[in-house]
Amino acid sequence: MLAAFTLLLVFQTIGEVLARVLALPVPGPVIGMALLFAWLTIRRGPSGELRSTATQLLSHLSLLFIPAGVGVMLHFERLRSEWLPISAALLISTTATIAVSAWVLNKLKRKTPAP
Amino acid sequence: MMPTAIPNAPSAAHEVWVYLSSSPLLWLTLTLIAYQGAYALYRRSNFNPLLNPVALSVIVIVATLKLSDTPYQLYFDGAQFVHFLLGPAVVALAIPLYAQFEHLRRDALGIVVALLAGAVTAVVTTIGVAWALGASDTTLRSLVPKSITAPIAMGISEKLGGAPSLTAVLVIATGIIGAVCAKYILNALKISDHAVRGFSVGVAAHGIGTARAFQVSEQAGAFAGLAMGLHGLIAAIGMPLLLLLWPR
Numbered sequence: 061m062l063a064a065f066t067l068l069l070v071f072q073t074i075g076e077v078l079a080r081v082l083a084l085p086v087p088g089p090v091i092g093m094a095l096l097f098a099w100l101t102i103r104r105g106p107s108g109e110l111r112s113t114a115t116q117l118l119s120h121l122s123l124l125f126i127p128a129g130v131g132v133m134l135h136f137e138r139l140r141s142e143w144l145p146i147s148a149a150l151l152i153s154t155t156a157t158i159a160v161s162a163w164v165l166n167k168l169k170r171k172t173p174a175p
Numbered sequence: 002m003m004p005t006a007i008p009n010a011p012s013a014a015h016e017v018w019v020y021l022s023s024s025p026l027l028w029l030t031l032t033l034i035a036y037q038g039a040y041a042l043y044r045r046s047n048f049n050p051l052l053n054p055v056a057l058s059v060i061v062i063v064a065t066l067k068l069s070d071t072p073y074q075l076y077f078d079g080a081q082f083v084h085f086l087l088g089p090a091v092v093a094l095a096i097p098l099y100a101q102f103e104h105l106r107r108d109a110l111g112i113v114v115a116l117l118a119g120a121v122t123a124v125v126t127t128i129g130v131a132w133a134l135g136a137s138d139t140t141l142r143s144l145v146p147k148s149i150t151a152p153i154a155m156g157i158s159e160k161l162g163g164a165p166s167l168t169a170v171l172v173i174a175t176g177i178i179g180a181v182c183a184k185y186i187l188n189a190l191k192i193s194d195h196a197v198r199g200f201s202v203g204v205a206a207h208g209i210g211t212a213r214a215f216q217v218s219e220q221a222g223a224f225a226g227l228a229m230g231l232h233g234l235i236a237a238i239g240m241p242l243l244l245l246l247w248p249r
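Which chain is which? The protein sequence lines are U and W, in order. According to this note's numbering, the first sequence is numbered sequentially starting from 61. According to this note's numbering, the second sequence is numbered sequentially starting from 2.
Hints may contain errors.
Capping the alpha-carbon separation at 16 Å, the derived lysine to aspartate or glutamate pairs in EDC-like fashion look like this [stated by the list, open to error]:
1. U:Lys167 <-> W:Asp108
2. W:Lys67 <-> U:Glu137
3. U:Lys169 <-> W:Asp194
4. U:Lys167 <-> W:Glu219
5. U:Lys169 <-> W:Glu103
6. U:Lys169 <-> W:Asp78
Covered stretches of chain U (in silico footprint by chain W; criterion: 3 or more residues with CB under 8 Å from a CB of chain W, positions within the stretch not fixed) [stated by the list, open to error]:
7. 68-76
8. 81-90
9. 100-108
10. 112-121
11. 128-138
12. 141-149
13. 153-164
Here's a subset of chain W near chain U, in silico, CB distances under 7 Å, partners left out [said to hold, decoys possible]:
14. Ala64
15. Tyr99
16. Ala131
17. Ile153
18. Ile186
19. Leu187
20. Gly208
21. Ala212
22. Gly233
23. Leu234
24. Ile235
In case anyone wonders, no lab produced these hints; they're calculated from the structure. Here the structure is a predicted model, which is why all the values come from computation and not from measurement. We treat Cβ as the ideally placed atom computed from N, Cα and C, and that holds for glycine.
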């Protein structure tokens with residue numbers, strides 16, 4: 061677990077360094093993800109340890125959004141005065157985005173099962 | 002020295018409170034307890050999307066902070082250890098992505114077209130609805146990247162002239178709405194393919210949608226993670242171009 065977690069941090073660090081050195085608009089962790097993906101392709105898959113560490117971390121992904129979500133308390137005043145446009149935009153746009161992307165992919169996806 | 006040489010009960014309790022409330026320990030512990038409590042409730046409800054664990058935890062923690070008169074900064078000093086793990090978690094998305102790579106490659110064209118359709122829908126409907134209902138300029142600019150994963154969205158918001166910390170909250174609200182509503186929308190559209198279901202939730206509702214998709218199946222989670230990553234990528238490049246049409 062420790063070695064696998066270290067590997068994730070190493071890839072994140074490389075991603076952060078590249079993002080800054082090359083002035084990329086994409087955040088470091090996303091570049092780290094792409095690099096780890098390339099690494100897995102070369103190594104032909106993750107070790108059992110890396111796989112189980114990633115699964116553990118991702119199974120509680122929602123926990124990691126809570127500290128930023130609590131930041132809602134800094135914006136109560138704006139949310140109170142603009143609750144209608146904000147909540148309507150979030151609701152309508154999120155449901156429309158799910159429906160459109162699901163409908164399009166469903167139309168274009170090959171129907172035969174994977175080999 | 003304080004005049005009270007012999008500690009009496011109320012001042013000892015007060016001292017403990019002063020220590021606890023200003024150390025990172027209490028607020029980190031509260032975050033973990035609130036989440037696990039919310040998650041237990043969510044599991045007991047057989048993963049009813051209406052009992053979203055992020056939403057429940059945020060409500061409990063905000064209420065606690067308000068009642069104890071604790072500022073957000075003090076809370077975040079403790080909770081940042083959890084927040085920090087977002088980075089390695091995004092890197093870890095490479096693993097389910099690799100596991101689903103064959104499926105992804107077969108449908109590469111469909112994925113790209115669906116992503117673009119979803120991305121355009123997200124921006125146009127957000128700006129359209131919020132503008133029509135009279136949102137202020139800062140709110141509008143902060144709303145634009147609402148479907149993008151938080152670290153990228155905050156950067157975009159700053160470039161567009163929004164308020165990054167407001168964007169973080171709007172992003173999380175979007176994630177919760179997507180995680181809550183997805184099942185009902187996709188069932189109404191009669192879409193049963195886990196790859197398509199996961200993908201659409203990832204496009205609209207980034208990491209919180211991805212977390213929800215992983216609770217359904219690994220395939221749904223991997224497609225959601227892919228959609229989140231790709232949407233973040235094209236938004237980081239494309240959204241700042243909105244400034245050409247809409248200068249600050």
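Hint-by-hint comparison with the structure:
1. Of the supplied pair hints, the one linking lysine 167 (chain U) and aspartate 108 (chain W) holds, its CA atoms being roughly 11 Å apart against a limit of 16 Å.
2. The suggested pairing of lysine 67 (chain W) with glutamate 137 (chain U) holds, with an alpha-carbon distance near 14 Å, which does not exceed 16 Å.
3. Between the alpha carbons of lysine 169 (chain U) and aspartate 194 (chain W) the distance comes to roughly 10 Å, so the proposed pair stays at or under 16 Å and holds.
4. With a CA separation close to 22 Å, the supplied pair lysine 167 (chain U) and glutamate 219 (chain W) exceeds the 16 Å bound.
5. Restraint check for lysine 169 (chain U) and glutamate 103 (chain W): the C-alpha separation of about 13 Å stays at or below 16 Å, so the hint holds.
6. As the CA atoms of lysine 169 (chain U) and aspartate 78 (chain W) are separated by approximately 46 Å, the hinted pair breaks the 16 Å bound.
7. Taking a C-beta to C-beta cut-off of 8 Å, the region 68-76 of chain U contributes 5 residues in contact with chain W, enough for the three needed, and the coverage statement holds.
8. Note: the region 81-90 of chain U has 6 residues with beta-carbon separation from chain W under 8 Å; the three-residue rule is met and the coverage holds.
9. Under a criterion of three residues with beta carbons nearer than 8 Å to beta carbons of chain W, the stated coverage of the region 100-108 of chain U is upheld, 4 such residues being counted.
10. A stretch counts as covered by a chain when three or more of its residues have a beta carbon under 8 Å from one of that chain; for the region 112-121 of chain U and chain W the count is 8, and the coverage holds.
11. Figure legend: the region 128-138 of chain U, annotated as covered by chain W; annotation consistent (9 residues with Cβ-Cβ distances under 8 Å, at least 3 required).
12. For the region 141-149 of chain U, the proposed coverage by chain W is satisfied: 6 residues have a C-beta within less than 8 Å of a C-beta in that chain, meeting the threshold of three.
13. Chain W is given as covering the region 153-164 of chain U, and this holds because 12 residues of the stretch bring a CB closer than 8 Å to a CB of that chain, at least three being needed.
14. The interface hint given for alanine 64 (chain W) is violated, since its Cβ lies 10 Å from the closest Cβ of chain U, which is over the 7 Å cut-off.
15. Taking 7 Å as the C-beta contact cut-off toward chain U, the hint placing tyrosine 99 (chain W) at the interface holds, the least distance being around 4 Å.
16. For alanine 131 (chain W), the interface hint holds, the least distance from its beta-carbon to any beta-carbon of chain U being 4 Å, beneath 7 Å.
17. Nearest Cβ of chain U to the Cβ of isoleucine 153 (chain W): about 6 Å, under the 7 Å cut. The hint holds.
18. For isoleucine 186 (chain W), the interface hint holds, since its Cβ comes within 7 Å of a Cβ in chain U; the closest pair sits about 5 Å apart.
19. The interface hint given for leucine 187 (chain W) holds, since its Cβ lies 6 Å from the closest Cβ of chain U, which is under the 7 Å cut-off.
20. This hint holds: glycine 208 (chain W) has a C-beta 6 Å from the nearest C-beta of chain U, less than the 7 Å allowed.
21. Below 7 Å, beta-carbon pairs count as interface contacts, and alanine 212 (chain W) has one with chain U at about 4 Å; its hint therefore holds.
22. Given hint, glycine 233 (chain W) at the interface with chain U, holds; its Cβ is 6 Å from that chain's nearest Cβ, closer than 7 Å.
23. At its closest, the beta carbon of leucine 234 (chain W) sits 6 Å from a beta carbon of chain U; the interface hint therefore holds under the 7 Å criterion.
24. Interface restraint check for isoleucine 235 (chain W): the shortest CB-CB distance to chain U comes to about 10 Å, outside 7 Å, so the restraint is violated.
This entry does not satisfy hints 4, 6, 14 and 24, going by the numbered hints stated previously.
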